[in-house]
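The chain contents come next:
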Amino acid sequence: MTIKSILAGATLALGLASGAFADADKTKVGFVYVGPVGDGGWTYEHNQARLAVEAEFGDAVETVFVESVPEGPDAERVMTQMALGGADLIFTTSFGYMDPTINVAAKFPDVKFEHATGFKRADNVSTYSARFYEGRAVQGLIAGSMTKSNIVGYIGSFPIPEVIRGINAAYTQAKKVNPDVEFKIVWAYTWFDPAKEAEAATVLIEQGADVILQHTDSTAPQAAAQAAGNVITFGQASDMAEFGPLPRVSSIIDDWAPYYIARTKAVMDGTWTSTDTWDGIGAGMVGIGEISSAVPADIKAAAEALRDSLADGSYHAFTGPINKQDGSVWLADGETADDGTLAGMNFYVEGIVGDIPQ
Amino acid sequence: MDLSSINPILLLASLMVAATPILLAAIGELVVERAGVLNLGVEGMMITGAVSGFIVAVSTGSPLLGFAGAAFGGAFLGLLFGILTQVLLSNQVATGLALTLFGLGLSALMGQNYIGVKAPSFPDWDIPVLGDIPVIGPIVFQHDPMVYVGLILVAATWWFLHKTRHGLVLRAVGENHDAAHALGYKVIRVRLLAIMFGGACAGLGGAYLSLVRVPQWTEGMTAGAGWIALAIVVFAGWKPWRLLLGAYLFGGVTVLQLNLQAAGVAVPVEYLSMSPYLATIVVLVIMSAGRAPGSLGRIFHASR
Chain A
8 MTIKSILAGA TLALGLASGA FADADKTKVG FVYVGPVGDG GWTYEHNQAR LAVEAEFGDA
68 VETVFVESVP EGPDAERVMT QMALGGADLI FTTSFGYMDP TINVAAKFPD VKFEHATGFK
128 RADNVSTYSA RFYEGRAVQG LIAGSMTKSN IVGYIGSFPI PEVIRGINAA YTQAKKVNPD
188 VEFKIVWAYT WFDPAKEAEA ATVLIEQGAD VILQHTDSTA PQAAAQAAGN VITFGQASDM
248 AEFGPLPRVS SIIDDWAPYY IARTKAVMDG TWTSTDTWDG IGAGMVGIGE ISSAVPADIK
308 AAAEALRDSL ADGSYHAFTG PINKQDGSVW LADGETADDG TLAGMNFYVE GIVGDIPQ
Chain B
37 MDLSSINPIL LLASLMVAAT PILLAAIGEL VVERAGVLNL GVEGMMITGA VSGFIVAVST
97 GSPLLGFAGA AFGGAFLGLL FGILTQVLLS NQVATGLALT LFGLGLSALM GQNYIGVKAP
157 SFPDWDIPVL GDIPVIGPIV FQHDPMVYVG LILVAATWWF LHKTRHGLVL RAVGENHDAA
217 HALGYKVIRV RLLAIMFGGA CAGLGGAYLS LVRVPQWTEG MTAGAGWIAL AIVVFAGWKP
277 WRLLLGAYLF GGVTVLQLNL QAAGVAVPVE YLSMSPYLAT IVVLVIMSAG RAPGSLGRIF
337 HASR
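So the sequence lines, in the order shown, correspond to chains A and B. Numbering of the first sequence is given in my numbering, commencing with residue 8 and proceeding in unit increments. Numbering of the second sequence is given in my numbering, commencing with residue 37 and proceeding in unit increments.
Since the hints were derived computationally from the structure, they do not count as laboratory data. There's no promise every hint is true.
[Stated by the list, open to error] Taking lysine-lysine and the DSS-like style, the derived pairs with C-alpha atoms no more than 30 Å apart in a straight line are:
hint, chain 1, residue 1, chain 2, residue 2
1, A, LYS183, A, LYS331
2, A, LYS307, B, LYS154
3, A, LYS307, A, LYS35
4, A, LYS155, B, LYS154
5, A, LYS127, A, LYS114
6, A, LYS182, A, LYS35
[Stated by the list, open to error] Partial pick of chain A residues on the chain B-facing surface, computed with a CB cut under 10 Å:
hint, residue
7, THR226
8, SER281
9, PRO364
[Unchecked claim] Non-contacting residues of chain B with respect to chain A, defined by C-beta distances greater than 10 Å in every case (computed):
hint, residue
10, THR254
11, THR316
12, GLY330
13, LEU332
Positions of the beta carbon are idealized from the N, C-alpha and C atoms, including for glycine.
Hey, can you work out the whole structure from these sequences and the hints?
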């Protein structure tokens, strides 16, 4: 027997061993992740929620996940594989999985799908998202109050409604406390590329920004800001507390665990229906990370007041008067934005310079 | 649009930094390919170097030891590739691709406990006198040591390949391994050494990301830099100085497009994002790539 055939045999045996178990009684839950579970941000929090599901139901569930799945045909393949592997419920956790999810769901009517941050539903496809823009509003207030150069750098991932909403929410609040504030926006066209994100942060800092907001998933911009000094940042998706008290002065924390547990329970009980969930600070899906000691007490108090008013619903992050970028009226005085407009938001509010890439 | 907010001096300075990880990985791969071996596992060796360098740097507190550890980690993975392809005669393309996948997985495993840990800082070298020269000083003489290591490696590789007897042997092995073997040169030994050098360089490039540029450990952090390094070797026509040009061109356009975006230039962002790749392709066509080493990617066995 040659070494090659031994190796081939060993590989085959490994493959058989790992594919051999399947338990019909267990509810099998699949997760498709856009980044690695160790990204320290978006995917990390989804994975924490997956672990919470396991902890909640113990032996009654089996979870599987595939990380770093590109948005596109590969995603469809991964989902199909999961469905064929006996998954009862599949969470697809990135906007770009929207069409693949719908396509695969049509082929597997008995499998339930949950797509994060999208807007297409079917009988066996639910959507869920968090009102991150509420957190962005709080960040905008702190950013506008803290900036000395009046330049706020914003690292966007892709020009989708989710990200544009965040930019608008942050800008609206920043402008309110600091009329001279200016946003410089850089599109990274990636959710996760630490080197590129660090580069984008460095460029923004070189061009005068002393506040960096990021809508990408790694902690690289935090580190870049730390190296530059005198720049503040906010944790994205995860607390990123290891960069506090400076540069990280606060954060948006995604908490998916209660939702994932509830939906898994619904599948077990047979009560699952296709729904559209969009919760914010009030429901606990969006958390505001502790505002660090680097923020002066009065600004901290204002930010916390804003957070609380968003949580109890007494204030909406988009409350008129707000004009669109071209100067036309979007919201009249006292009017609040409806969810339909927010879900498909494709315009900047008045005052932001630059065009949204089409 | 406000182009005045772009500082050309800072732009050129960050260009050198942005190009360094690709440059380091590419110069190693250039030597490997000149020895007639196609190792597509650069990405895997880079990421393994990134994590092993990070682990060593954190546990010893010394970034320099970290870089040594990264070179060792990359070389180790390279040696694995060398044994599989040179001794066990496996297919180089398939093994290289497998090495990338293996490296990504291995690094994720090794890095489990190092997520969110801070690396010891690696200060820039403010070279006295030279660093104070206006314009040139900040661009060329105020970087961290690894930027200069990259430049020195390019020069040393050129000198080695073209001015030394050993370099000639290495090129002979790459051009025609049967002839080199007939002349009594140890083809497999030369190639194994070249592969390990390539792995060590890729490891340094990865560690530059995890210790200087980002600087922390996150899974998958090389995000395709290894593939770009592979492309730049072809782009350079397997010549060290052109490689430097290619890496700076790529790094430069990457930094420039971010600067233009931040300055609000009214060019669609998609074109700016695509520009580094586009520029690489255009130059590739204009410069008409050099001839590949004759035995590149072919399996060598003394009996054939």
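Now the hints, each set against the structure:
{"no.": "1", "hint": "A:LYS183 <-> A:LYS331", "verdict": "16 Å, holds"}
{"no.": "2", "hint": "A:LYS307 <-> B:LYS154", "verdict": "27 Å, holds"}
{"no.": "3", "hint": "A:LYS307 <-> A:LYS35", "verdict": "44 Å, violated"}
{"no.": "4", "hint": "A:LYS155 <-> B:LYS154", "verdict": "28 Å, holds"}
{"no.": "5", "hint": "A:LYS127 <-> A:LYS114", "verdict": "16 Å, holds"}
{"no.": "6", "hint": "A:LYS182 <-> A:LYS35", "verdict": "48 Å, violated"}
{"no.": "7", "hint": "THR226", "verdict": "6 Å, holds"}
{"no.": "8", "hint": "SER281", "verdict": "33 Å, violated"}
{"no.": "9", "hint": "PRO364", "verdict": "4 Å, holds"}
{"no.": "10", "hint": "THR254", "verdict": "5 Å, violated"}
{"no.": "11", "hint": "THR316", "verdict": "16 Å, holds"}
{"no.": "12", "hint": "GLY330", "verdict": "27 Å, holds"}
{"no.": "13", "hint": "LEU332", "verdict": "24 Å, holds"}
Of the numbered hints given earlier, the model fails hints 3, 6, 8, 10; all others are met.
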